[in-house]
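*Asks:* Take a look at the letters that make up each chain.
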Amino acid sequence: MPEMEGVVTIVQEGRFQLTDTGGVSHHFVLGRHALCETEQLPKLAHEQSRVRVKYAQAKGIIAFEAKRITLLDAT
Amino acid sequence: MTMVEFDVSPRARDYTQSTLKGLIPDESELTAGCLIEPGKSYGFFTDTTVCIGCKACEVACKEWNNLPADEVGLTGHSYDNTGALSSNTWRHVAFVEKKQADRAAAETGYGVRENEQAAFQSGWLMMSDVCKHCHHAPCMEACPTGALFKTEFDTVVVQQDICNGCGYCVPACPFGVVDVSTTDGKAHKCTLCYDRLKGGLEPACAKSCPTDSIQFGELSDLHARAKVRVEELHARGVTTAYTYGAPGDPGSTGDMQYLNAFFLLTDRPEAYNLPAAPTRPSNRVKPALAAGLMAVAALALGAVAAFAGAPRHGQ
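Here the protein sequences come in this chain order: V and G.
The opening position of the first sequence corresponds to residue 0 in numbering that gives the first Met the number 0, with each subsequent residue numbered one higher.
The opening position of the second sequence corresponds to residue 0 in numbering that gives the first Met the number 0, with each subsequent residue numbered one higher.
Think of the hints as simulated: they come from the structure by calculation, not from any bench.
Check before you lean on any hint, since a few could be wrong.
[As the list claims (entries may be wrong)] Residues from chain G that face chain V, not an exhaustive set, calculated with beta carbons under 10 Å:
1) 65
2) 95
3) 183
4) 190
Even glycine gets a Cβ: it sits at the ideal position worked out from N, Cα and C.
Next up, chain G with everything else stripped away, as it sits in the complex (with noise of 0.2 Å):
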């Protein structure tokens, strides 16, 4: 019998032994390809066409950041049992059933399923949903206390000994991100993994994907990744290929100009319970101050003429 002789990749020979003595330095160079360093620009290239709905990235995530499980039951809302990001579930596979919602929508308006699925789970589209780590993050600038900062890595994180819980930044997010935890009264979202960074290692969700439908690196590279995967989809036929939060794209607008983690999607943006048009909530705060100042000063006008009009007394 001939021996066989496999294809060793080189990270297996770097270190054939089982265990280690400590933390291999810049381990996301042999994970993720990139090396993590303090100034530069870091996110998330979420490619929804190759996701699988193995939720690997959510037990990863609640694995390394010491998170509880929540609201345990049936959902109701197909194989989704974790139903929506909240402050104890900072990584959520949306399970959407594309046949049914389409067809919901174009005949009866509600619940009917298909008899018939198209082959290969097509009907089928899986998502991980996370903070988009925003370029210019709402959320941080409606906290009071800065307990929102951008890291040194171009994330966003949340200082837990200096939010007061006020609860700001939750209406600000147009992602709908960030949540208050009834238990400690604190906001929590993904930190992208900002403990992991600072020793050098790749974010744990994308560590743990088995398809590299979420893919970590520095933001220059994600983009040009992303850009090469959709030529790609495109001349494969997938024609309906587009990516969400990219420079330019859906997902920028409204002054948010790019998202650290963004997403290559195939459907509607609300297919995937993303919203078509994020804005900036903070540039909203100009003219709703100067109508507020304009009502004001015209309903002052308008009791002044009318008091001005009106007979006075023992006239």
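Just chain V, same shape as in the assembly (with noise of 0.2 Å):
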């Protein structure tokens, strides 16, 4: 499964952005098995946490489905 690393940068209920270490930003949709709640996300663009993104294409939307979200530099 392809993933990346970033920073979480915009959040809007289960949707986010991410912004990867080269500066380009990617769409993700949080998906049903995650194991992260969408009231989760907002806490990771305020604290600018990096994080891993295990994903997918997600079905007919331009955005990838996130699968799975690693915490790589815990506060």
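Grab the two chains, each in its own frame, and use the hints to assemble them into the complex.
*Replies:* Shown next, in the form of structure tokens:
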């Protein structure tokens, strides 16, 4: 499964934007089995935590489905 | 050469600097002419007669709410590339080619294009559709977890952390607005920019509308504004203009009372893909339950009568 590292920069409900190490932003939708709840996303964005996201291409939309989010530098 | 003095609006004069330290307090007072305060009713008045189909509202909605684009490609329906409201499209600009629709219905029953168009694109109906934020919201009544709730601004919002994706709200909505996402399995719809309202900002779609077809404000003000606009259009000869969703008007039927997002239309509601007489599904629960119980009772009585009349074994 492909994965991407970066910082969560924008959060709206279960949708978030991940800015990767190259400064490119990618659009993600939290998958239903992601072991992460929507209310946890704003904290990631607020703290600018580095995360690793395992993802797959979402069906019918131009976005990735986040399958697993791992915190890289827990504070 | 003499300098021409332009009439600079008070808004521009108040905020001349190009960068701001933070949010402008109560910005909606400047952009929409209304102060956003909890406890009051807010909504949209969409005047379809001035909609130019630019889709700025769709883009603004997607931008602010971080919604992904869906179903890329040609729909085959005029200039409409979004098709319908969905879990990822909370604003949808409908393009109705009126003459084609009329001709198809009257003559052939299917797709004949007009060779001649009326002047000024008057053969087109355009409408920016959205969640109606019903006064008696059927989606909210159907929700078993309480994920759908009425906010302090009298709007209807889905709480994503409480929604369990049962989908009861989807068939309950008389306008086909609510949709469950296949990606996250939760119900989504327009929030009337709840987060923006809390910050004193006008909703993104209304703020981006270049012709003010989408007007945001306090509901009583919007009703008064719509009434004046309908009278103005009637005086200009557009006698077909009427409001849909205002108290006592079409769209407020079946115990719906009124819609917080209401419209000014110039054709039948069905032409815009709106129901002519929406109803509250919860009002059908009691009669449906009573009919079911009566059917069970009738079947039981029939069975008793049939067995009572049958000869017994050994007699």
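*Asks:* Look at each hint and say if it fits the structure.
*Replies:* Evaluated hints:
1. Given hint, residue 65(G) at the interface with chain V, holds; its Cβ is 4 Å from that chain's nearest Cβ, closer than 10 Å.
2. Using the Cβ-Cβ criterion of 10 Å, the hint placing residue 95(G) at the interface with chain V is not satisfied: the shortest such distance is roughly 25 Å.
3. For residue 183(G), the suggested interface contact is upheld, since its CB lies about 5 Å from the closest CB of chain V, less than 10 Å.
4. The beta carbon of residue 190(G) is positioned within 10 Å of a beta carbon in chain V (closest approach about 9 Å), and the interface hint is therefore held.
When each numbered hint is compared with the structure, a violation occurs for hint 2 only.
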